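2 protein chains.
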Amino acid sequence: MRIAIDAMGGDHAPAQIVLGALEAARQWPDTEILLVGDEAAIEAALDGQSAANLTVLHASEKIDSDEEPVKAVRRKKDASMVVAGRMLKEKSVDAMLSAGNTGALMTTGLLVVGRMPGIERPALTTVLPTMDNVGVLALDLGANMDAKPEHLMQYAVMGSIYRSKVEGIERPRVGLLNVGTEASKGNELTKAAYGLIEAAPVHFIGNVESRDVMQRNCDVMVCDGFAGNILLKTMEGTAGAVMKEIKGAFTKSLMTKLAAAIMMPGLKGLRDKMDYSHHGGAPLLGLNGLVVKCHGSSNAAAVKNAVRQARTALQAGLIETVAAEISGKEDLS
Amino acid sequence: MRIAIDAMGGDHAPAQIVLGALEAARQWPDTEILLVGDEAAIEAALDGQSAANLTVLHASEKIDSDEEPVKAVRRKKDASMVVAGRMLKEKSVDAMLSAGNTGALMTTGLLVVGRMPGIERPALTTVLPTMDNVGVLALDLGANMDAKPEHLMQYAVMGSIYRSKVEGIERPRVGLLNVGTEASKGNELTKAAYGLIEAAPVHFIGNVESRDVMQRNCDVMVCDGFAGNILLKTMEGTAGAVMKEIKGAFTKSLMTKLAAAIMMPGLKGLRDKMDYSHHGGAPLLGLNGLVVKCHGSSNAAAVKNAVRQARTALQAGLIETVAAEISGKEDLS
Numbered sequence: 013m014r015i016a017i018d019a020m021g022g023d024h025a026p027a028q029i030v031l032g033a034l035e036a037a038r039q040w041p042d043t044e045i046l047l048v049g050d051e052a053a054i055e056a057a058l059d060g061q062s063a064a065n066l067t068v069l070h071a072s073e074k075i076d077s078d079e080e081p082v083k084a085v086r087r088k089k090d091a092s093m094v095v096a097g098r099m100l101k102e103k104s105v106d107a108m109l110s111a112g113n114t115g116a117l118m119t120t121g122l123l124v125v126g127r128m129p130g131i132e133r134p135a136l137t138t139v140l141p142t143m144d145n146v147g148v149l150a151l152d153l154g155a156n157m158d159a160k161p162e163h164l165m166q167y168a169v170m171g172s173i174y175r176s177k178v179e180g181i182e183r184p185r186v187g188l189l190n191v192g193t194e195a196s197k198g199n200e201l202t203k204a205a206y207g208l209i210e211a212a213p214v215h216f217i218g219n220v221e222s223r224d225v226m227q228r229n230c231d232v233m234v235c236d237g238f239a240g241n242i243l244l245k246t247m248e249g250t251a252g253a254v255m256k257e258i259k260g261a262f263t264k265s266l267m268t269k270l271a272a273a274i275m276m277p278g279l280k281g282l283r284d285k286m287d288y289s290h291h292g293g294a295p296l297l298g299l300n301g302l303v304v305k306c307h308g309s310s311n312a313a314a315v316k317n318a319v320r321q322a323r324t325a326l327q328a329g330l331i332e333t334v335a336a337e338i339s340g341k342e343d344l345s
Numbered sequence: 013m014r015i016a017i018d019a020m021g022g023d024h025a026p027a028q029i030v031l032g033a034l035e036a037a038r039q040w041p042d043t044e045i046l047l048v049g050d051e052a053a054i055e056a057a058l059d060g061q062s063a064a065n066l067t068v069l070h071a072s073e074k075i076d077s078d079e080e081p082v083k084a085v086r087r088k089k090d091a092s093m094v095v096a097g098r099m100l101k102e103k104s105v106d107a108m109l110s111a112g113n114t115g116a117l118m119t120t121g122l123l124v125v126g127r128m129p130g131i132e133r134p135a136l137t138t139v140l141p142t143m144d145n146v147g148v149l150a151l152d153l154g155a156n157m158d159a160k161p162e163h164l165m166q167y168a169v170m171g172s173i174y175r176s177k178v179e180g181i182e183r184p185r186v187g188l189l190n191v192g193t194e195a196s197k198g199n200e201l202t203k204a205a206y207g208l209i210e211a212a213p214v215h216f217i218g219n220v221e222s223r224d225v226m227q228r229n230c231d232v233m234v235c236d237g238f239a240g241n242i243l244l245k246t247m248e249g250t251a252g253a254v255m256k257e258i259k260g261a262f263t264k265s266l267m268t269k270l271a272a273a274i275m276m277p278g279l280k281g282l283r284d285k286m287d288y289s290h291h292g293g294a295p296l297l298g299l300n301g302l303v304v305k306c307h308g309s310s311n312a313a314a315v316k317n318a319v320r321q322a323r324t325a326l327q328a329g330l331i332e333t334v335a336a337e338i339s340g341k342e343d344l345s
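Sequences listed follow chains A and B, in order. Per our numbering, residue 13 is the first one in the first sequence, and the count goes up by one each step. Per our numbering, residue 13 is the first one in the second sequence, and the count goes up by one each step.
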């Protein structure tokens, strides 16, 4: 199989992306890795290292993290991300990965790779951290701001397939993000979506509350892109503020610094749990090919993890299974 | 002034509610406090203590925390909460307080107290914790699940008046909860609301993100009830999970317990910051009278704080100012 990696996207690009790609190429000799981006910068990061199954493909432009997505994707035909997307569209690769501008990646998915037939709105997913480290796959996180009930139903189906096929979770529990667990709760959107998801071929457990996400109250959480984005950023902000406060308390005096040293091993687990990057990547679901979004802060290990996920998804026939299900050929309940 | 307190609502009712009411009565002899609820239970909690300005009004029923709001308020005409609401409607008191079922209190506000003329949808507010302890007044937190742009604009106006009149914040900064700070971001609702709030007589600072709420990125945050509820519960859930994990790390061994003892004073501040109850209460805005919701876990100190807030609001003429503004008579920008 062939996987294209956008070498220029992410906070630590190209160095960490390139190193992660190299490690992945060495670990999986059956997988051809294509690093797309500025050739000179990639070669500099490789620093003479190589692998038989690692190729560099030059792209003269890149999309920055603060660029307006649609404009950037339309104008920069030779941006590393767009080139990788085009290769996926043309089937010269089987999957693409990027840690770059999320909006631009979604736009590349929509405009370059293309939607899967039958899917009106592809979804941005993420794995929300949970205390048991398994995570909740949440979608949509912001690709589609004004979702319709049918979109939420399709998210439920796509998320279910991903968690069972790629992560091996049997009968993943699908929850609908809501303001209460009773079936009657919510806004017009969730009330209408409830019945549709109930009738869909998934293991629907009803409404779930954002309060319980970190206890893994479900395996797949569906929501409209606005609410999902608010949830994600609230988690990040709250955890960040609490962690910062704790750090402050730890560095107050010599005594607290000593105490902190004793506590550190115990608290390292918490930091790891809250760290999104170790999950590797999250797929954009509903596209006509496998596009994996890596966290912006991805390091080499995260990139390698994302390649592992992409391999698993390709081996499991993720895209084909989703396509078959959306066209009504498979039952997952 | 006269304030009715629902003695039967809240996790620690009636004991802590009654004690808080007693403390408030003793602190402010000019304020008549009416404790509404089961007379025998209230007298038992008072345990012989009294104050000249504290009266008990018997109500034979109470609304439980898990009751369906509309049904409960309609059927239980003699519930403590409903009786207090009726007294406010009839102007025999100037304000009412309750730590009981939030949905039932909102319903009591709508069906018993009544809406303010010109307000289509009253809002549930809360003070979100911030690291500087000042808090962000957020509305709506779940009274109105399918808000229209005009509702968000009215929330901006009401929230502004509350923070300036009752809390003395000059030119409170109003932010619109959104998925990004650029004006073009968001769903159809926020895009339409943006222009309306911009034209409203408030100090609008544009879109704000939930990630930055704990840094007090604004003084008044407006949002639809669905998104606001998701945000609130995500904050609670994330902070709770992180705190629990830290507690676990602290109690692992004798050494970590010793370290914890050293850290405690520093971490107590964090716990206090995250503790909603010390803010006392939050008003239901847009009703034809002052209704203050206390946190369900309110203790005596929180109840007393809520009385303090209600007094300030009454002295500042909160309801009259909101009514004047909504009917177009005042400029707050």
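Don't read these hints as lab results, they were simulated from the structure. Where hints are given, some of them may not hold.
[Unchecked claim] Taking lysine to any residue pairs in the SDA-like style, the calculated list, with each CA pair at most 20 Å apart, reads:
1. B:Lys101 x B:Arg87
2. A:Lys89 x A:Asp76
3. A:Lys264 x B:Lys83
4. B:Lys280 x B:Gly260
5. A:Lys259 x B:Val68
6. A:Lys285 x B:Lys83
7. B:Lys83 x A:Gly192
8. A:Lys160 x B:Lys259
9. B:Lys197 x A:Lys264
10. A:Lys280 x B:Leu266
Owing to the predicted nature of the structure, the values given are computational and were not obtained by experimental measurement.
Here is what the structure says about each hint:
1. B:Lys101 x B:Arg87: holds (18 Å)
2. A:Lys89 x A:Asp76: Given that 20 Å is the threshold and the Cα spacing comes to 14 Å, the pair holds.
3. A:Lys264 x B:Lys83: violated (53 Å)
4. B:Lys280 x B:Gly260: Answer holds: Lys280 (chain B) to Gly260 (chain B) is near 16 Å, not above 20 Å.
5. A:Lys259 x B:Val68: With Cα atoms ~49 Å apart, Lys259 (chain A) and Val68 (chain B) exceed 20 Å; violated.
6. A:Lys285 x B:Lys83: Roughly 43 Å between the alpha carbons, so the hint for Lys285 (chain A) and Lys83 (chain B) is violated.
7. B:Lys83 x A:Gly192: holds (17 Å)
8. A:Lys160 x B:Lys259: Violated, at roughly 42 Å.
9. B:Lys197 x A:Lys264: violated (40 Å)
10. A:Lys280 x B:Leu266: Cα-Cα ~18 Å, so holds.
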